[in-house]
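Going by the numbering used here, the final residue of the sequence shown carries number 341, and the count climbs one at a time with no gaps.
Worth flagging that the hints you see were computed from the coordinates, not collected in a lab.
Remember, it's a predicted structure, so these values are computed and weren't measured experimentally.
Be aware that one or more of the hints could be misleading.
Calculated cross-link-like contacts (lysine-lysine; reagent style DSS-like; alpha-carbon spacing at most 27 angstroms) [unchecked claim]:
no.: 1; residue 1: LYS149; residue 2: LYS130
no.: 2; residue 1: LYS91; residue 2: LYS118
no.: 3; residue 1: LYS78; residue 2: LYS117
no.: 4; residue 1: LYS130; residue 2: LYS62
no.: 5; residue 1: LYS285; residue 2: LYS213
no.: 6; residue 1: LYS112; residue 2: LYS130
no.: 7; residue 1: LYS130; residue 2: LYS9
no.: 8; residue 1: LYS91; residue 2: LYS149
no.: 9; residue 1: LYS149; residue 2: LYS78
no.: 10; residue 1: LYS9; residue 2: LYS117
no.: 11; residue 1: LYS10; residue 2: LYS91
no.: 12; residue 1: LYS118; residue 2: LYS130
no.: 13; residue 1: LYS213; residue 2: LYS62
no.: 14; residue 1: LYS285; residue 2: LYS62
no.: 15; residue 1: LYS78; residue 2: LYS112
no.: 16; residue 1: LYS285; residue 2: LYS331
no.: 17; residue 1: LYS117; residue 2: LYS130
no.: 18; residue 1: LYS130; residue 2: LYS78
no.: 19; residue 1: LYS118; residue 2: LYS9
no.: 20; residue 1: LYS225; residue 2: LYS213
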Amino acid sequence: TIVEIAPHKKGPVYAVLQAAEHIADDEEVVVNYCDFGWHWDYDDFCSFVARPEVEGCIPSYKGFHPHSLGTTYYAYLKVDASDRLLELREKESFTDERMQEYASSGTYYFKKGAHVKKYFQQAMDEGVQKNGEYYVSLVYNLMSADGLKVFAYEIPYFLQWGTPEDLMEYLSWSNAFRLTAQIRDGTLLEESLSAVSWMAGAGERPFQLLEDKPVFVESLLSFPKAARYIFVLDDTQRLYGERIGIHFPGAQICSVDEATGADGAKGVLSDAHAHGAVLLAPWDKLCWWDLHVFVSMADAPLLWTFSNTVNLRRHPTRYTFLSTVTSGGVKVVSEEGKDGR
Numbered sequence: 001t002i003v004e005i006a007p008h009k010k011g012p013v014y015a016v017l018q019a020a021e022h023i024a025d026d027e028e029v030v031v032n033y034c035d036f037g038w039h040w041d042y043d044d045f046c047s048f049v050a051r052p053e054v055e056g057c058i059p060s061y062k063g064f065h066p067h068s069l070g071t072t073y074y075a076y077l078k079v080d081a082s083d084r085l086l087e088l089r090e091k092e093s094f095t096d097e098r099m100q101e102y103a104s105s106g107t108y109y110f111k112k113g114a115h116v117k118k119y120f121q122q123a124m125d126e127g128v129q130k131n132g133e134y135y136v137s138l139v140y141n142l143m144s145a146d147g148l149k150v151f152a153y154e155i156p157y158f159l160q161w162g163t164p165e166d167l168m169e170y171l172s173w174s175n176a177f178r179l180t181a182q183i184r185d186g187t188l189l190e191e192s193l194s195a196v197s198w199m200a201g202a203g204e205r206p207f208q209l210l211e212d213k214p215v216f217v218e219s220l221l222s223f224p225k226a227a228r229y230i231f232v233l234d235d236t237q238r239l240y241g242e243r244i245g246i247h248f249p250g251a252q253i254c255s256v257d258e259a260t261g262a263d264g265a266k267g268v269l270s271d272a273h274a275h276g277a278v279l280l281a282p283w284d285k286l287c288w289w290d291l292h293v294f295v296s297m298a299d300a301p302l303l304w305t306f307s308n309t310v311n312l313r314r315h316p317t318r319y320t321f322l323s324t325v326t327s328g329g330v331k332v333v334s335e336e337g338k339d340g341r
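Sequences and hints are given; from them, build the entire structure.
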């Protein structure tokens with residue numbers, strides 16, 4: 001059944017009430033928003049809500065989800081040890097650690113259509129809204145206040161597409177994971193290429209695991225394969241030399257300290273350049289690049305760049321920016337965080 005209603009800005013509770021006559025009092029009802037995707041076990045969900053004590057259920061997620069890195073807030077649930085709802089807040093979290101709180105997916109289950117009619121109307125009558133909109137999520141506070149049991153049902157993967165920014169972020173992360181899953185070429189592009197990775201000053205961070213490999217390993221494997229690998233460590237990292245050798249047999253380990261930092265860097269680069277081309281490879285970046293484009297440009301000094309990413313727009317002061325000419329040449333390199341657009 002399709003119900004046509006006049007345009008409004010009162011939110012989904014008002015919209016659903018316009019179709020109330022089509023909702024049977026004794027049938028289960030799911031109200032579903034239309035701007036997301038997810039991965040879940042539907043059969044398990046059906047078994048969960050079939051329990052007699054479940055009068056309402058909110059499929060929810062928590063933990064790391066890329067869209068939660070932004071400034072947009074969603075509907076958050078406060079629950080007890082059994083995941084029974086104690087309180088729900090719309091557009092507002094309960095703590096500063098909102099990734100650890102259940103966030104509503106936008107799917108809302110009601111055991112009976114009668115609950116929908118009663119509590120949706122009550123929300124309208126009592127002005128239970130946020131910023132002028134009547135959200136389905138807030139209806140559950142009314143149900144809980146009447147002693148009806150509402151539960152969170154955890155889903156493992158949730159994809160937020162609610163705004164153009166949300167969709168762009170999803171596409172960016174989706175593309176990154178897709179490319180990461182591809183087999184890396186591993187072809188030695190240049191017999192004389194030396195890759196220099198400067199890890200001095202980074203402490204233990206390069207050696208933290210990303211899936212089953214240290215971060216620095218995943219990073220270097222995403223760049224062109226080199227004939228020689230040179231790792232620059234500080235005095236506090238000397239013990240990591242053996243661990244580096246496991247992943248890059250024959251790698252050269254150089255040590256610098258605060259007193260010799262600049263001179264040490266010059267020495268490392270001079271030595272590397274004496275053998276041929278040099279790639280200064282960061283230890284904390286994954287890079288997806290076009291082999292043919294790289295080979296066609298490799299005779300000239302290259303600065304590897306990217307543009308128009310979610311994190312770049314969100315945190316411009318964390319990056320260094322380039323001013324280029326039409327041909328692609330670099331005109332100006334700004335200081336980190338300066339002149340970022």
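Now the hints, each set against the structure:
Between LYS149 and LYS130 the CA atoms are separated by roughly 23 angstroms; this keeps the pair inside 27 angstroms, and the hint holds. Distance check on the hinted pair: LYS91 and LYS118 sit about 24 angstroms apart at the alpha-carbon level, within 27 angstroms; holds. Of the supplied pair hints, the one linking LYS78 and LYS117 holds, its CA atoms being roughly 25 angstroms apart against a limit of 27 angstroms. A distance of roughly 22 angstroms separates the Cα atoms of LYS130 and LYS62; the hinted pair therefore holds under the 27 angstroms criterion.
A distance of roughly 14 angstroms separates the Cα atoms of LYS285 and LYS213; the hinted pair therefore holds under the 27 angstroms criterion. A C-alpha spacing of about 25 angstroms is found between LYS112 and LYS130, which places the hinted pair at or below 27 angstroms, so the restraint holds. With a C-alpha separation of about 12 angstroms, the suggested pair LYS130 and LYS9 falls inside the 27 angstroms cut-off, and the hint holds. Of the supplied pair hints, the one linking LYS91 and LYS149 holds, its CA atoms being roughly 23 angstroms apart against a limit of 27 angstroms.
Between LYS149 and LYS78 the CA atoms are separated by roughly 13 angstroms; this keeps the pair inside 27 angstroms, and the hint holds. Pair hint LYS9 plus LYS117 holds up; C-alpha atoms about 20 angstroms apart against a cutoff of 27 angstroms. Restraint check for LYS10 and LYS91: the C-alpha separation of about 16 angstroms stays at or below 27 angstroms, so the hint holds. Pair hint LYS118 plus LYS130 holds up; C-alpha atoms about 19 angstroms apart against a cutoff of 27 angstroms.
Annotation: proposed proximity of LYS213 to LYS62 holds, straight-line Cα distance about 25 angstroms (limit 27 angstroms). Distance hint between LYS285 and LYS62 is fulfilled; the C-alpha atoms sit about 26 angstroms from each other, no more than 27 angstroms. The hinted pair formed by LYS78 and LYS112 meets the criterion: a straight-line CA distance of about 23 angstroms does not exceed 27 angstroms. A threshold of 27 angstroms between alpha carbons decides the hint, and for LYS285 with LYS331 the separation of about 24 angstroms falls inside it, so the pair holds.
Between LYS117 and LYS130, the direct Cα distance comes to roughly 20 angstroms. Compliance with the 27 angstroms bound is thereby established for this hinted pair. Annotation: proposed proximity of LYS130 to LYS78 holds, straight-line Cα distance about 18 angstroms (limit 27 angstroms). With a C-alpha separation of about 21 angstroms, the suggested pairing of LYS118 with LYS9 holds against the 27 angstroms cut-off. Between LYS225 and LYS213 the alpha-carbon distance is near 17 angstroms, which keeps this suggested pair within the 27 angstroms criterion.
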